[in-house]
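Number of protein chains: 2
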Amino acid sequence: MRRVAIVGGGHTDFVFNSPKTGIELFAEAAMEAIYESNLKPKNIQAIYCGNGLGDFSEGQIMIQSYIANDIGCLNVPATRFEGACASATLAIRDAAMWVASGKYDIVLVGGTEKATAMGTPLATRTFAMAHDSRYESPTGLTFPGYFAMLAHLYSSKHNIPLAKLKEQMAMVSVQSHEYGAKNPHAQFRKEITVEKVLSGFMVASPLQLLDCCPFSDGAAALVLASEDVAKKLTDKPVYIVGTGQASSGRMSSQYKYLPRIRARELSVKQAYDMAGVGPEDIDVCELHDCFSIASIIAAECLGFADYGTAGYLWEKGETRIGGKIPINISGGLKSKGHPIGATGASQTYDIVKQLRGELVDQGRQVEGAKVGLVDTLGGDGVICNLILKVD
Amino acid sequence: MRRVAIVGGGHTDFVFNSPKTGIELFAEAAMEAIYESNLKPKNIQAIYCGNGLGDFSEGQIMIQSYIANDIGCLNVPATRFEGACASATLAIRDAAMWVASGKYDIVLVGGTEKATAMGTPLATRTFAMAHDSRYESPTGLTFPGYFAMLAHLYSSKHNIPLAKLKEQMAMVSVQSHEYGAKNPHAQFRKEITVEKVLSGFMVASPLQLLDCCPFSDGAAALVLASEDVAKKLTDKPVYIVGTGQASSGRMSSQYKYLPRIRARELSVKQAYDMAGVGPEDIDVCELHDCFSIASIIAAECLGFADYGTAGYLWEKGETRIGGKIPINISGGLKSKGHPIGATGASQTYDIVKQLRGELVDQGRQVEGAKVGLVDTLGGDGVICNLILKVD
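Going down the list, the protein sequences come from chains A and B.
Per the working numbering, numbering of the first sequence is gapless, rising by one per residue and ending at 372.
Per the working numbering, numbering of the second sequence is gapless, rising by one per residue and ending at 372.
Take these hints with a grain of salt, some might be off.
You can't tell identical chains apart in this list, so a pair holds if it fits in one copy or across any two.
To be verified - Pairs of lysine-lysine residues, derived as BS3-like cross-links and limited to a Cα-Cα distance of at most 25 Å, are as follows:
id: 1; residue 1: K84; residue 2: K138
id: 2; residue 1: K84; residue 2: K23
id: 3; residue 1: K250; residue 2: K138
id: 4; residue 1: K217; residue 2: K1
id: 5; residue 1: K237; residue 2: K21
id: 6; residue 1: K21; residue 2: K145
id: 7; residue 1: K213; residue 2: K351
id: 8; residue 1: K237; residue 2: K23
id: 9; residue 1: K23; residue 2: K351
id: 10; residue 1: K250; residue 2: K21
id: 11; residue 1: K163; residue 2: K297
id: 12; residue 1: K351; residue 2: K217
id: 13; residue 1: K217; residue 2: K84
id: 14; residue 1: K351; residue 2: K212
id: 15; residue 1: K23; residue 2: K250
id: 16; residue 1: K171; residue 2: K351
To be clear, the hints were calculated from the coordinates, so they are not data collected in a lab.
This is chain A alone, in the form it adopts within the complex (with noise of 0.2 Å):
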């Protein structure tokens, strides 16, 4: 099959409250992206575009359609991909297959949410129902209630006390809120403090509010290129080497696993094998931090340290530019934000940027990357990862 790049790229600022519509947040990131890439909407072949709650945030199902009519691509075959957070990481990897098969040559790609509208206490029972809706949903389980579960299970499993855990953890939502920071289309930009996350009101114990990322409205978007299209396009075609994705169902089926995730661990497997890479070659990374647990159990699964021992990649520094894996250097879904639909989109949009070198002027550019992994966790149940490369 033939290589695929990324041409392009375009990404709303994300935020609380969009005067937007998801539709007219997806058209701006996608007439970014068009207009980065040097071409006009007529040059778009399909379109995949992932989003998670348009049904219930606006009242529309169908997304696609009106994505399509919107950005004068008038009958072009749109396609809507759900998978809850990991929604965009779903259309990117098929869209890359449509472009590797041959099919296509020229396709758009991104995700849009506006999850806010509704406010946080209802966009988290909402959410819940990513969950098992016949036998854990019932339970009034949401996703906080997930993750904290999560983080004692893990304490007690690598014999790692509370306070210890919740510092490291601290630290992570520490770092994301540093660089964050110096990202233009981040929610939160402002830098807080262990002191800060760990004074923080309990949301589900042992997570704290700074320990949890925020919902988010917003839109990302890329255009996607076979090899010898995207050289005529672009003198920096990032190439997507290597897709994985994996679902792992309820989490009473994962008991013997949990606290890993193990569909994480078999889905950035066959990106590495598919990449022919290892966790070792990534240099710099976006995973999914919906919460500040999420962070350093990620990090395991994708192979950046020993079972027990993440928190203290934090802790140690090495997680930051300059460290042994740079991970979240765009804030992460806690300071940049988390619009559920377009998170896979966003999070490839800035290793882009990484492994372009254009991230410089933000202060936040890991020098020389070549190799970047996305990593999205949808829900508890479906997990897609995405190697990018540059030559």
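Given the coordinates of chain A, assemble chain B onto it according to the supplied hints.
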């Protein structure tokens, strides 16, 4: 790219108010499809699932992960497609590409829906979210209203008196019920008459009750395999030889084409061109008859009749077995039922049965059928077509 075949299928009964969940319905169809394909769940490399309303009808987002879990495909990549009524057809088109590309050899694809628990009035209003939420939904438009307007436009544009058109529309429903009565999976297994259609209560003038398909609960699934694998699994592989997809955007964007649906013409052309066939080569067709007028409009867009003349196909019996182009020999959405996200998989399932010659016992076999067409319309905005063929 490789040829892709359907090697087995499964189909639940389509019913009002199933006691099963959408996940369980999918599992029922999926297990039938897997065993009919002489496979086991462990052979499935990826799952593609259409689901339209699970968020509202069951409080289930990200259904694909729990589906994978329930059928013993834990950790297998699973993706949800949402394109309103066309959800499952999008999933099939996409799944076929993953097999054609060489990435997977054996995948499971289908759709599932619980559309009836909320009752028809609320389901109608919920489903109206598939209109554009900014410019059309706020007018109060629902899909019966949309197709009622198309009927008036059709009558006016083609100078067919409404009374005459209503008679032709009634004949569409009468034929669907005649064949649906023979389909063991159909929701309405009783014949009706033109008089009965014309005396039904008015839903949205000129559409009366029996001009409208029902909401249904149900699922259908198919196993797709690469040609070489398929030949080992079955003596009767049914090849997916053509696919097409297009987005029509909101109704106002289609104004100059209405009551035609331009996106359908473009989508089916892609499928015809890819398959190297034309409408004259189609032996049997399942088209999207959500309302009786929708059948007439679809038959024209698909090339089976000149514009303004498709009503005569039904009037003259040309859409019956033995006619020029047998249409909806399954009973169609009208009689078989319409579980939104499962409908495209159900249509495809029935064409597979026709091409395999397996409907003789049901008294609805189109003798010698070799080439079949699937046509699915999602809301007013997503069109997807498939062309199936046996060697």
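Okay, the hints, checked on the actual structure:
1. K84 / K138: Classified as neither; 48 Å inside a copy, 38 Å across copies.
2. K84 / K23: Classified as within: same-chain Cα gap 17 Å, cross-chain 29 Å, threshold 25 Å.
3. K250 / K138: For K250 and K138, only the intra-copy Cα distance (24 Å) is at most 25 Å; the inter-copy one is 59 Å.
4. K217 / K1: neither (32 Å within a copy, 52 Å between copies)
5. K237 / K21: Cα proximity of K237 and K21: across copies only (24 Å, versus 51 Å in one copy).
6. K21 / K145: neither (53 Å within a copy, 47 Å between copies)
7. K213 / K351: within (21 Å within a copy, 44 Å between copies)
8. K237 / K23: between (51 Å within a copy, 20 Å between copies)
9. K23 / K351: neither (32 Å within a copy, 37 Å between copies)
10. K250 / K21: between (37 Å within a copy, 24 Å between copies)
11. K163 / K297: within (21 Å within a copy, 71 Å between copies)
12. K351 / K217: Within. Shortest intra-copy distance 11 Å satisfies the 25 Å Cα cut-off; inter-copy 49 Å does not.
13. K217 / K84: within (23 Å within a copy, 27 Å between copies)
14. K351 / K212: Answer is within: at 17 Å inside a copy they meet the 25 Å cutoff, but 44 Å across does not.
15. K23 / K250: Classified as between: cross-chain Cα gap 19 Å, same-chain 37 Å, threshold 25 Å.
16. K171 / K351: neither (29 Å within a copy, 65 Å between copies)
Going through the hint list in order, the structure does not satisfy hints 1, 4, 6, 9, 16.
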